[in-house]
Every structure is written in structure tokens, then in C-alpha cells.
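Listed below, chain by chain, are the residues.
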Amino acid sequence: MKSRLACIAAALLIRPPLAAQYRVALPGYHFEFPRDYFSHRDFQTEWWYYTGNVKSPDGHRFGFELTFFRQAVSRDPAKTAAWDVEDLYLAHLALSDLDGGQFYHTERTNRAGPGIAGASESIGRIWNGNWQIQWDAGDQKLQAIDKRFELRLNLHAEKLPVIHGENGVSQKAEGPGRASHYISFTRLATSGSIALRGKKFAVNGTSWMDHEFFTHQLDSNQTGWDWLSLQLGDSTELMLFHIRHKDGLIDPYSAGTYVDAQGKSTHLRADDFTLQPLEEKWASPITRATYPVHWKIVIPKLAIELDVITPLKSQELTGNSKFAPAYWEGAIVLTGRRNAQPLTGVGYLEMTGYDRPVHLAP
Amino acid sequence: MPILSLQDVSKDYLTDGQRVRALSGISLSFERGEFVALVGRSGCGKSTLLNLAGAMDFPTSGKVLLDGIATFSLKDAGLTQLRRERIGFVFQSFQLLHTLTVYENVELPLLLAGKSNPREAAKERLAWVELDGYGDRYPHQLSGGQMQRVAIARALIHSPSLLLADEPTGNLDTTTGNVILELLHRLTRERNTATILATHSPEAAALASIVVRLRDGKIEEITRR
Amino acid sequence: MPRLLLFYRLLVRPLFQEPVRAALIVLAVALGVAVVLAIDLAGNAATGSFRSSMETLAGDDDLEITATGGVPEDVVGVLAALPYSIRVSPRIEDFAVIAETKKSLPLIGMDLVAEGATYAQSESTNTAEGSARPAVGESFEHLGDLDSAWVSSSLGYKTGDRLQLLINDRESAYTVRGIYPDSNGKESAIVMDIAAAQHALTRYGRVDRILLKVPQQPGLDQWTQRLRAALPAGVNVRPQGAGTNENRRMLAAFRWNLRLLSYISLVVGAFLIYNAISVSVVRRRAEVGIVRALGAARFAILTAFVGEAACFGLAGALMGLPLGRFMANGAVKLMATTVQSLYVSSRPGPIELTASSIFFALAIGVGVAVLSAYSPAREAAMVSPVEAMARGRREYDTRVHKARDFWLAVVLGVAAAAASRAPAIAGKPLFGYLAAILLVAASALAIPAFADALMSFSSRVIGGLLGVEAMLASRSLAASLRRTSVLVGALSTAIAMMTSVGIMVGSFRETVVLWMNDRLPADLYLRPAGNPAVDHHPTISLDLAQRLETLPGVEAVARLRAYEISYDGIPATLASIDPQALRKSRRSNFFSGRPIEQVFAELRDSNAVIVSEPFTYKHHVKTSDSITLSLGAAQATFRIADVYYDYSSERGIIIMARATLLRYLPDPAPSSLGVYVAPGTAVETVRAELERAAAGHSILMFSNRDLRAEAIRIFDRTFAITYALEAVAVVVGVMGIAGALLALVIDRRRELGLLRFLGAATGQVRKLILVEAALLGVLANLAGLIQGFALSLILIYVINKQSFGWTIRFHWPMQILLGALTVVYAATILAGLYPAQVAVRLNPLEVVHEE
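Chains as they are written, first to last, in my numbering: chain A, 70 to 431; chain B, 6 to 230; chain C, 59 to 909.
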């Protein structure tokens with residue numbers, strides 16, 4: 070699961086395409102790699118989502134987020150020229166200078182055009198302008214250029230990709246097709262450099278990658294969600310999300326995935342875990358939204374209890390236009406215990422629907 | 006019939022909005038062959054009288070008759086015609102055209118009157134004023150006396166019945182002036198014209214058959230010899 | 059203070075006593091200044107508008123990437139992926155005609171997906187920026203529609219309106235999806251998404267420009283180098299707006315020549331000021347003498363007269379300002395026409411009367427007045443008091459050194475001939491102009507001798523024919539030879555200019571007419587209705603061109619394709635032709651004199667091109683030289699097979715075979731078609747066939763004769779501005795004659811009065827003045843004609859050749875010349891009417907007895 074309200078917003082603004090033109094995510098999907106690392110034209114929406122926590126040798130911590138979205142707009146067979154808009158490619162880029170106390174974010178929108186954006190298996194690349202992931206001998210090379218900062222990172226997968234959900238689908242709501250195909254690289258050993266305002270940092274750390282594709286998965290009753298990716302000190306990982314309803318209840322399709330040290334994944338149902346916002350809030354000066362920035366996670370069947378805090382409260386991404394809702398997406402730090410053993414870790418937290426309810430119905 | 010007759014002639018000028026009387030109740034009459042001297046101080050009306058006599062101007066009241074023709078009855082064309090046929094002018098400062106030769110200066114009135122082949126007449130007139138052989142010169146090549154003689158020749162070119170001369174000796178030394186006066190006197194007789202001189206010169210008055218003394222626009226005295 | 063008072067009493071007060079004369083002098087200065095100012099202002103407005111809406115919508119971009127025939131569109135992707143923080147904005151640009159109003163507007167295709175988002179961003183963060191970009195945010199949903207258009211507010215449409223656009227040879231319906239602000243109408247344009255523009259123009263695979271915004275560090279040059287390394291050879295990186303500068307450079311010669319032409323009126327004005335001041339100096343000799351006797355220094359006299367001239371100049375310039383501003387309105391239309399038909403499409407911008415142009419006008423007015431007054435003022439200062447006060451020397455018959463001046467004139471004439479043989483300096487015919495100036499100076503010096511000779515002739519001959527008045531008139535003119543010469547100099551300069559330009563334009567026209575006979579061999583010509591102009595080339599659909607070939611009665615269809623290119627930093631046209639489709643022409647149009655088949659065979663068989671004559675002048679190349687062109691992504695070298703005469707455009711033209719060009723730029727759509735009708739078929743029959751076949755396309759069809767008439771019409775329109783300039787110079791000259799005659803009458807009132815005493819009728823006095831006017835007219839016309847003939851040779855063979863590179867055959871445009879000279883002559887005589895009336899009204903009693 071991932072955010073991308075901007076993407077959905079764009080989908081709403083552009084004349085609603087007939088969903089019938091697109092495939093929906095149904096159980097029994099057979100994943101095949103590397104094919105499924107790249108674009109799926111027959112699904113309407115698709116994203117690639119990279120987040121990570123890294124630090125320089127002298128301990129300067131950074132968080133980063135680079136996301137690529139593809140939103141299909143038209144599948145008119147007559148429109149085949151280079152500039153015809155079949156898909157909108159949006160991308161978000163954020164750098165959290167955790168020790169510098171600064172948050173930088175930017176976004177761009179493009180069409181595929183003559184090589185401006187895309188996700189192509191043949192050249193092993195997912196890109197939007199000069200923000201790109203280049204597959205290179207099993208590693209993913211991340212490059213993102215902004216006028217204030219630049220990221221150049223090598224991501225090395227320490228575990229095979231995980232397929233979330235059950236039977237190849239991650240169900241998000243009641244009904245066939247209200248689901249996505251969802252895979253993750255949960256532990257990507259990361260090294261490279263970050264240039265920020267003229268200063269260059271050599272960095273090392275861990276990244277997470279999500280790739281999800283689907284055709285309208287959410288329900289009109291659902292107003293927002295909270296999502297976490299957690300990389301724990303015992304070489305295990307967790308992905309958890311819950312979907313909030315208008316009435317404040319948590320959707321029964323909320324779910325998660327546990328990945329053990331060997332890379333074996335276990336599906337977590339909504340009643341397998343609790344995800345509890347605590348008192349501490351952060352109010353955005355821009356959108357006036359109030360985000361809970363302190364969470365408590367309890368997973369009884371794994372004997373895990375975790376306290377989630379963030380080193381930088383101001384990690385809200387505000388959209389370029391009034392059509393794109395704002396969301397909070399930031400680096401987090403975990404402390405807690407598992408089977409009475411202390412457990413720490415890092416991760417990313419995404420919170421949506423706090424500035425205003427998200428209208429998700431097509 | 007008198008060649009010139011003024012009957013109770015008055016002339017007013019407007020100067021700065023003020024009416025100034027230049028001549029007042031003048032009655033005079035002259036015959037051919039008479040040599041008249043108009044005398045009096047500057048501003049007594051001599052020049053005004055000459056202008057009226059030369060059909061260059063109209064009286065404010067009274068009549069001016071030239072050869073019996075009343076000037077007020079004529080328009081500009083008629084006056085011009087009158088001048089062309091009957092009147093010759095001589096000026097104090099000669100008034101020759103510097104761009105023309107002596108011949109051309111003398112011929113000018115005939116040419117203006119539209120007469121062709123004036124050269125013979127011009128030669129003859131130059132002979133009258135004793136300037137034979139000077140015809141091709143330009144005015145600036147002549148002395149003052151010679152220039153005035155050219156002017157006289159020009160004034161006589163169309164054999165006018167009335168010759169009007171305004172201070173003809175004013176710009177000349179006494180000797181030369183006397184020669185000019187003698188010349189005018191002689192030609193008046195020989196050509197049987199009437200000549201009216203406006204003059205300060207006592208020599209001129211001495212030669213004149215009639216001396217008219219003006220004072221403040223009125224006749225003070227007429228002396229006939 | 060005392061000096062000022064003296065200045066006032068001696069110089070200013072007399073002016074008020076002769077208001078008409080003073081007014082004429084001031085008016086002459088005013089007209090001269092007005093013309094110069096008008097040309098300057100109009101030049102800025104007519105040529106200053108290349109910063110068209112395309113540039114304005116380019117916003118704050120630093121660099122642009124261009125290539126002949128368009129930049130391959132892949133370059134956009136390559137640039138977008140470069141690891142630099144640059145903004146990449148591709149453009150597909152052309153022109154569209156609004157069917158309803160026939161208004162031609164730039165059509166700008168931009169990436170509204172990317173730039174719309176960028177715009178929204180800048181809107182929220184910085185409201186001052188990006189004002190002229192369409193706000194597409196709210197109409198995002200129509201982005202993908204190929205019939206969506208965004209228009210500038212000045213066009214008066216509102217969202218939702220339907221809009222019928224003629225693009226190339228097709229008319230299509232569009233819907234206005236949004237309005238963007240357009241403060242003063244300068245930026246009016248039609249904006250489309252780049253995809254819609256691409257379909258509308260069928261321009262696939264290429265974009266016209268890519269605009270780039272780069273970071274300030276490390277500087278534009280370094281960025282240019284970095285980017286060039288990433289681009290194919292034929293693709294060019296240059297500062298954004300470089301095209302504007304190229305256009306300015308191309309127009310420099312044109313504007314320069316026009317500006318010099320406008321100075322002629324000023325020269326004519328200078329003659330008149332010189333004359334006026336001379337007269338006033340002479341007439342105030344006595345006063346000068348008195349003042350000198352009372353202790354005034356020479357310098358004081360000099361300053362006083364120069365000061366007086368400066369006052370005339372200032373008054374004239376002040377009057378000239380509004381007049382010039384007014385005249386600029388007309389001039390800008392005429393100039394814009396010329397610019398559009400010969401150089402580049404541009405819409406005239408607003409006329410801006412800036413502080414600097416005001417200062418310029420004042421400086422010119424005062425400067426010319428002071429310069430032309432200096433010599434007479436100096437003469438006044440040199441007068442000795444005794445001489446000045448002496449009476450009797452009435453005329454100012456300052457001696458004129460006829461003979462000396464004549465020989466000086468001969469020397470200057472020889473110098474002019476020598477200067478005319480020198481080459482151009484930096485593309486400007488500086489020596490040509492020097493020759494022209496020397497020629498004007500030489501004729502000014504020769505005129506006294508000429509006038510004297512003619513006057514003595516006329517006093518003898520005309521005297522007999524026209525009577526005593528003519529004799530008097532010619533004597534008087536001959537007597538005041540200096541004044542006469544100055545007057546004749548002034549008017550003859552104006553006439554010379556008129557004659558020379560008339561001969562040049564007439565010769566040019568004749569040359570063009572002859573050339574067209576050879577150049578236009580086809581029977582019917584077709585071109586797209588969408589705004590064809592000298593620098594953009596709409597295209598005809600390829601399928602239509604192919605269909606026409608199969609029609610009955612059509613023998614052959616020649617396809618011409620033209621592109622706008624930049625060669626050596628100057629705009630040029632690159633065209634391709636079908637060498638085999640051309641019909642045999644009567645005469646060789648080539649420098650080499652070879653027959654057309656032979657030259658075209660060379661084009662067909664090798665990488666060869668032919669170039670137009672102006673191209674060789676602009677780029678200093680000749681037959682057998684090589685030129686390297688950037689074509690698409692490649693750079694290719696071509697040999698110049700021959701040079702051909704061309705008069706269609708001042709821009710350089712390069713022509714290659716169609717097959718050759720298609721190798722580099724594969725777009726096969728032609729820009730125009732020439733249709734050859736099969737022998738024995740009526741042209742009208744074929745024309746009807748073509749019209750039926752072209753239904754659904756917006757095509758303009760011209761018969762051979764129509765096209766020629768059209769070309770000549772454009773030619774005549776093009777030169778309208780030069781005629782207008784001549785007219786003003788002549789008006790100044792004629793006005794000078796009126797003023798001078800008036801002065802003459804006033805100076806000679808004693809003589810005129812005397813003539814009345816001697817029996818002259820008023821009609822004779824009037825005739826005398828009119829004959830003087832007529833004599834001045836004859837003199838000036840004769841002198842002007844001779845001088846004009848010589849000047850026309852310099853114009854045709856030196857100035858035109860060096861500025862524009864056209865070979866023009868000399869031709870006397872008899873009718874125009876005769877007509878113009880008659881009009882000038884009549885005007886001169888009319889100019890004598892008022893002075894003649896003044897002369898008639900003089901009271902002879904007053905003037906004769908005045909002394």
C-alpha cells in the first residue's frame with residue numbers, strides 16, 4: 070500500500086477512464102521477475118516507492134524518499150505519437166536532513182514523451198527526467214537531482230522480493246479487484262553519496278522498495294491510512310498499514326507482512342496487530358493538519374512491542390497544486406522489545422488524510 | 006488745358022491712429038513748358054504733393070486732374086496706364102537698378118509698358134543727357150551725377166508730359182547739382198513738358214518759372230516769373 | 059544680462075517683426091527633425107518586435123536548442139535525463155490563422171503537463187513570475203484533447219468558445235479551454251499542448267525548439283559547452299533570444315540605409331537655415347556695425363547669431379517632436395510592410411518616445427541649425443564697423459568664387475568617383491555614402507557656376523520670350539548668386555534624392571520584372587493558405603501533392619520545400635526543388651551563364667547547392683566554395699555549384715535537390731507546388747480540376763500572371779517608405795523656396811516699389827516673383843536631375859550592392875520621373891504665390907522713400 074493521493078487526484082481530474090479498459094488485481098496472479106519490476110500498462114495505476122535511512126561516517130543521519138507514479142489516462146489506439154498522453158508520470162522526491170533539522174521535498178509531472186519518463190524492462194530503468202532507478206547487475210542505482218540536493222545511491226538487495234497479501238493480491242476493500250499486486254524489497258543495503266547545498270556526504274544505510282499496481286482499489290468509506298515499513302535490528306522486517314474509516318474505525322482489510330531473517334514472509338491480518346497513535350502530535354504550519362508522530366505497535370503473535378518516534382517532525386509533503394492533498398512521510402526510529410529482548414530499528418511512516426478527508430471513490 | 010490741375014486738394018495720413026493732415030486746400034494748375042519749384046521745410050508736404058501729381062496716391066478730398074483726367078475716377082490699371090504715358094519720376098537717390106545696364110535701366114518703363122525695340126529711344130534719351138556711349142555700363146561704374154542723368158533719361162524715355170523730381174540734387178555736390186538743374190531746365194523747354202521739382206536748393210528756385218512755397222501743408226506763397 | 063538684452067533687441071525682436079519668415083525657418087527645421095525622429099521611432103517599433111510572443115512565453119529561459127528542420131524529439135528525453143538541475147521546455151512553434159478574423163498568430167505547442175505543473179508551483183510560491191503562461195491547472199482534464207487551445211486575453215475569447223483555425227493547408231475547430239493574461243496584446247498567441255500542436259502541424263519526430271533554464275553557476279558558456287557535448291552534431295545550443303539578435307543583425311543594413319535617407323531632409327533643412335541666417339546677417343549689417351562701433355566684441359556678434367540659430371533649431375526641434383511622433387504612425391506601417399516582405403515576420407510594436415529619442419531630436423535640430431549658421435555668423439563677426447554702417451551697399455553681393463568653387467567641385471567629383479570604387483566596410487557601404495556626400499558637396503559648389511551660366515543665358519533668351527519681368531527676374535537671381543545657389547542647392551538636393559531613389563527603385567522594379575519572366579516558369583502555383591511569409595513556410599499535405607500529379611492535364615508538379623535556418627549567425631532560407639520537374643527556361647539565371655539543365659544536373663548528382671546572390675554577399679562565398687549546414691541531427695558539407703540572381707528576399711537562400719534534403723530532413727510535405735499544364739490543355743480547365751482535388755484543404759492558387767502581379771504589388775508596397783521620405787524632403791525644399799522668395803521680396807521691396815513708379819502694373823510685379831520662382835525651379839530641377847542621376851549610379855552599383863547584394867540593371871523610369879519633376883516644379887511655382895502677393899501689397903510710396 071502506498072499513498073499517492075496526487076496520483077489519485079490526477080486520475081480524478083483527468084476524465085475518468087473506463088475502468089473496464091484496465092485489468093484489476095485478482096487472486097492467483099503469477100509474479101515473474103524481472104518483468105514485474107517494471108511497468109504494467111494494462112493496470113491503471115502503478116508506483117515504485119523507495120525510502121531509506123542512511124548516515125555518513127561521522128554520524129550525520131538522512132532519510133530519503135523517491136517515488137515514481139504512473140497513472141494511465143488514455144488507451145486510445147489512435148494516439149500513438151510521442152507526445153500523446155497515455156500515462157501521466159508523477160514523481161516525488163524528499164530528503165530529510167535528520168541531524169540538520171531540515172526537510173526538502175519536490176515533485177514533477179511528465180508524460181512519457183520522447184524518453185522523458187517511463188519504466189522499461191528493456192533498458193532496466195524506471196525514471197522521470199533525471200530522477201531514475203537503473204537496474205545494474207541485480208543492484209538498483211538511484212539518482213535524483215534537485216537544485217538543492219542530489220542523491221546517488223546504490224541499492225543492493227539482501228533479500229528476495231516479498232509478495233504481500235494472500236494468493237498474489239493485497240486486498241484493500243470488500244469486492245473482487247479492490248486490491249493491488251504488491252511486492253517489496255524489504256532490505257536494500259544502501260551506499261553512495263548525498264550532496265546537500267554544496268556539501269557532499271558519503272552515506273551508508275538501509276532502504277526499502279515497494280512496487281504496487283492495480284486498478285481502483287479503495288472504497289468510498291475509507292478516508293485515509295497509516296503505513297509503516299520497519300527494518301529491525303534482528304534482520305527482520307515488518308510492513309503494516311491500517312485504513313481509517315470516516316467514523317474513525319479501522320478497516321478490517323488493514324494488514325501487514327512479517328519477513329524473517331531468512332526472507333520468508335508471513336501475512337498479518339488486521340487482528341494480528343495493533344497500531345496505536347499516542348498523544349504527541351505535530352501541527353503543520355502550512356496545511357494546519359495535525360499528525361500523530363508517536364506510535365505504539367503491538368504484535369502479540371510475534372511477541373513484538375515497539376515505540377515509534379521520529380527524529381524530525383516536519384516531514385510533510387505539500388502538493389504543487391490545490392488538487393493534490395498533503396501527506397506526512399518520514400523517517401522513523403524504533404525502540405522496543407521482542408521476547409523481552411531489546412529491539413531497535415529504523416523505518417518510514419506514511420500518514421494520509423489528515424489535512425482533509427481523501428475522496429477516494431472514482 | 007493745364008497738364009496738371011489740383012482743385013482744393015487735401016491729404017490726411019494715419020500715423021499711429023492719429024490723423025495727420027499733410028496737405029490742406031491746395032489749388033494749383035500748371036501748363037506744359039513750365040518749370041516749377043516746390044520749396045519749404047522738410048515735412049511741409051512737398052513729397053505728398055508730388056505723389057498726388059504722379060498718380061501714385063489719391064487725395065483725401067478735392068480733385069487731381071492729369072491732362073484733364075481725374076485720378077480718383079481710375080482704378081489701379083488706369084493709374085498705371087496714366088503713369089506709363091504721361092509721367093516721369095526722378096528721385097533724390099537716383100533709384101537705378103544695379104543689376105541692369107544703363108540702357109536697360111533707361112528702357113525699363115517702355116518695356117514695362119510692353120513696347121518693343123526701345124533701344125533707339127534709349128540712345129536718343131542718353132544723347133539728350135549727354136551720356137552717349139555709356140549705355141552698356143552698369144550703374145556702379147558711374148558717378149553720382151551720371152547716375153542722376155541716367156535717371157532723367159529713364160524718366161523721359163516715354164516722352165512724358167509731366168516730369169516729377171523729388172530733390173534731384175539732394176545727393177549731389179553743388180556743381181554737379183547745378184549741372185543737373187540746368188539739364189532739367191533745358192529739357193523742360195526743349196521737350197515741352199511740365200517739370201515739378203521738390204527742392205531745398207536756392208539755385209533751383211532761381212531757375213524756376215513758378216515757385217510754390219509750402220508751409221505745414223498749405224500754400225504760403227506762389228511766385229511766377 | 060546686458061548681453062542678453064542686446065541679444066533680445068537686435069535679434070529676437072526683428073524675428074517678431076517678420077513672423078512668416080521666422081515661422082518658415084522653424085517649420086523647415088521641424089520637418090527635418092520630425093522625419094529623422096519618425097524614422098528612428100518607427101524603426102524601433104517596426105523592427106523591435108521580434109521579441110514576439112514566442113520569446114515572451116519563453117519566460118526566464120537562458121538557452122535554446124535549435125536545429126534545421128527541427129530538433130529530433132529524442133533530444134528532449136536526453137536533456138531531461140542529464141544529471142543537471144535544468145528545466146527543459148520543448149516547443150513546437152508555427153503560425154495559425156484565425157479563420158474568422160484572418161488574423162495570423164503564433165501557434166505555440168508546449169508541454170502543458172510538465173509546464174502546467176511548474177506553473178502551478180510558481181503560482182503558489184512566487185506570484186510575480188510566469189505571468190504569461192497559461193494556467194492550465196483548472197482545465198487539466200482537457201489536456202489530452204487534441205482540440206484544446208488556450209488563448210491570450212487580448213483576443214477576446216472566453217473559455218468554452220469555439221475557434222476555427224487555419225493551420226498549414228487545413229482548417230480545424232478548436233475549443234478555448236482557458237485564457238492567459240496578455241497585458242498589452244504584444245504577446246497574443248494560441249497555446250496548445252505539444253501533442254495537439256504536433257498533430258495539427260503533422261510535425262512528428264521533431265520539435266522546433268527546446269528552451270532551457272540552467273543554474274547560474276558555472277555560467278552560460280560552460281553550460282553551452284556541457285550541453286553541446288550531449289547533443290548530436292547538427293543540433294545547436296545558443297542563448298535564448300539569439301534569433302532576435304540575428305534578426306536585428308539582418309535588419310541592421312536596412313535600418314541604417316533608411317536612417318541615412320531620413321537625414322537628407324535634414325540636409326535640405328540645413329541649406330535653408332544657412333540661407334535664412336545669411337540673409338538675416340546681411341540685413342542686419344548696419345545694426346552689427348552700430349553694435350561693433352559701440353564696443354561689442356567679434357565674439358559677441360558670433361555668439362549672438364549662432365544663438366539665434368540655436369533658438370530656431372530648438373523651436374523647430376520642439377515642433378518636430380510631436381510632428382515626428384505623429385509621422386511615425388504612418389512610417390511604422392510602411393516600414394513594417396517592408397520588413398515583413400523582405401526580412402522577417404514581425405508585428406510592429408508600440409511606438410515609444412523615450413527620453414533618449416527626445417534628446418536626440420533636440421540635439422539634431424539645434425546641431426544642424428548651429429552648424430549651418432556658423433559660417434554666416436562668422437562673416438557677420440568679421441564685418442568692420444565702418445563698412446557695415448556705410449549706406450549704399452544694400453545687396454549682400456558677397457563675392458562668390460564661381461571659378462574656384464567650380465574646380466573644387468570637379469576635385470570632389472573625382473574623389474566621389476574614387477570612393478565609389480572602394481569596398482564595403484563591415485558590411486556597410488561607408489565609402490558609398492562618402493561618395494554620395496562628396497557628390498552632394500560637389501554639386502553644391504558647382505551650382506554657382508551653373509546658375510550663373512544659366513541665368514545669363516536665360517536673361518537673354520527668356521527676356522525676349524517672356525518679357526521684361528523674366529529679364530528682371532533672371533538678373534536679380536544672378537545678382538544675388540550666393541543666395542540663389544544656396545536655394546537651388548537645397549531644392550536640388552531634395553530633387554536629386556527623389557530622382558536617384560526613383561531611378562534606383564524603377565531600375566530595381568524593371569530588373570525584378572525581367573527576372574520573374576525567367577524565374578516563374580510553371581503555369582499554376584499552389585501554396586497553403588496558412589500565413590506564408592518570408593520566414594515561415596507552412597506545408598501542403600503530401601497526399602494532396604501526390605494526388606495532383608495524377609490529374610488529367612497536369613504534366614508535372616514541382617515541389618518546393620523551404621526551411622528557416624541560421625547560417626553563420628544570420629537567418630537564411632534553405633529550400634529544396636525537384637530538378638527534373640522544372641521546365642526549360644529561356645535564359646540562364648546563373649552567374650556562370652550556364653543553362654539551367656546543366657546546373658540542375660549537378661545538383662541531382664552530387665552534394666551540391668546553389669545559393670542566391672544576396673547569400674554570397676552576406677557570407678562572402680562564391681561558386682565552388684564549400685558551406686557546412688546543420689541539418690537535423692547531422693552536419694553536412696555542400697559545394698556551391700553556382701550562384702543565381704534572386705530578388706525575392708534580402709535573406710540569403712540555399713537551394714538543393716529534393717532528394718538531397720530528404721536524406722537529412724525526411725519530412726516530405728512540400729511548402730509550395732508549381733503545376734505544369736500539359737501542352738494543349740487550357741490552364742483554366744486544369745485549375746478547376748486542381749480546385750476540386752484540393753477540396754477540404756485550404757490552398758491558395760495563383761496563375762503565373764497573378765503571382766507576378768502579386769510580387770510587383772509587394773515590391774511597390776515595400777518601397778512606399780522611400781517615396782514617403784522623398785516627399786518630405788521635397789516639401790522641405792519647396793517650403794524653403796517659399797521662405798527664400800519672401801525674403802527676396804522683402805529685401806527688394808524698394809526695387810519693386812520703384813517699378814511701380816516706372817509704370818509697372820501689379821500683375822507685372824506678381825509675374826516677376828513667379829518667374830523668379832519658376833527659374834529657381836528650373837535650375838533646381840536641372841541640377842537635381844544631373845546630381846540625381848549620378849547619385850542613382852552610386853545607389854545602384856555601390857550602396858545597394860554592398861548593403862544588400864543585388865545586381866540591378868539601370869533603367870530610366872521615365873513616367874515616374876517626369877511626373878515627379880512636374881509636381882515639384884508646379885509646387886515651386888505655387889510656393890511663389892504668397893511672396894508674390896506680399897510683393898503686390900507693398901506700398902511703393904513707403905518703400906521708395908524709406909531711405
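Fair warning: there could be bad hints in the mix.
Over the 12 Å line for every Cβ pair with chain B, so calculated as not near, a few chain C residues [stated by the list, open to error]:
| hint | residue |
| --- | --- |
| 1 | Glu158 |
| 2 | Ala536 |
| 3 | Gln822 |
Derived contacts from chain C toward chain B, CB cut-off under 8 Å, selection only [unchecked claim]:
| hint | residue |
| --- | --- |
| 4 | Leu618 |
| 5 | Tyr621 |
| 6 | Glu809 |
Simulated DEER-style distance windows between Cβ atoms [what the hints assert, rightly or not]:
| hint | chain 1 | residue 1 | chain 2 | residue 2 | range |
| --- | --- | --- | --- | --- | --- |
| 7 | C | Trp465 | B | Lys80 | 48 to 56 Å |
| 8 | A | Asn236 | C | Pro276 | 54 to 62 Å |
| 9 | B | Asp221 | C | Val519 | 53 to 61 Å |
| 10 | A | Pro354 | C | Ser212 | 33 to 41 Å |
Rather than coming from a laboratory, the hints here were simulated on the basis of the structure.
None of these values were measured; they are calculated from a predicted model.
The beta-carbon is built from N, C-alpha and C at its ideal position, and this holds for glycine as well.
* Hints that the structure is at odds with (numbers, increasing) -> 2, 3, 4, 5
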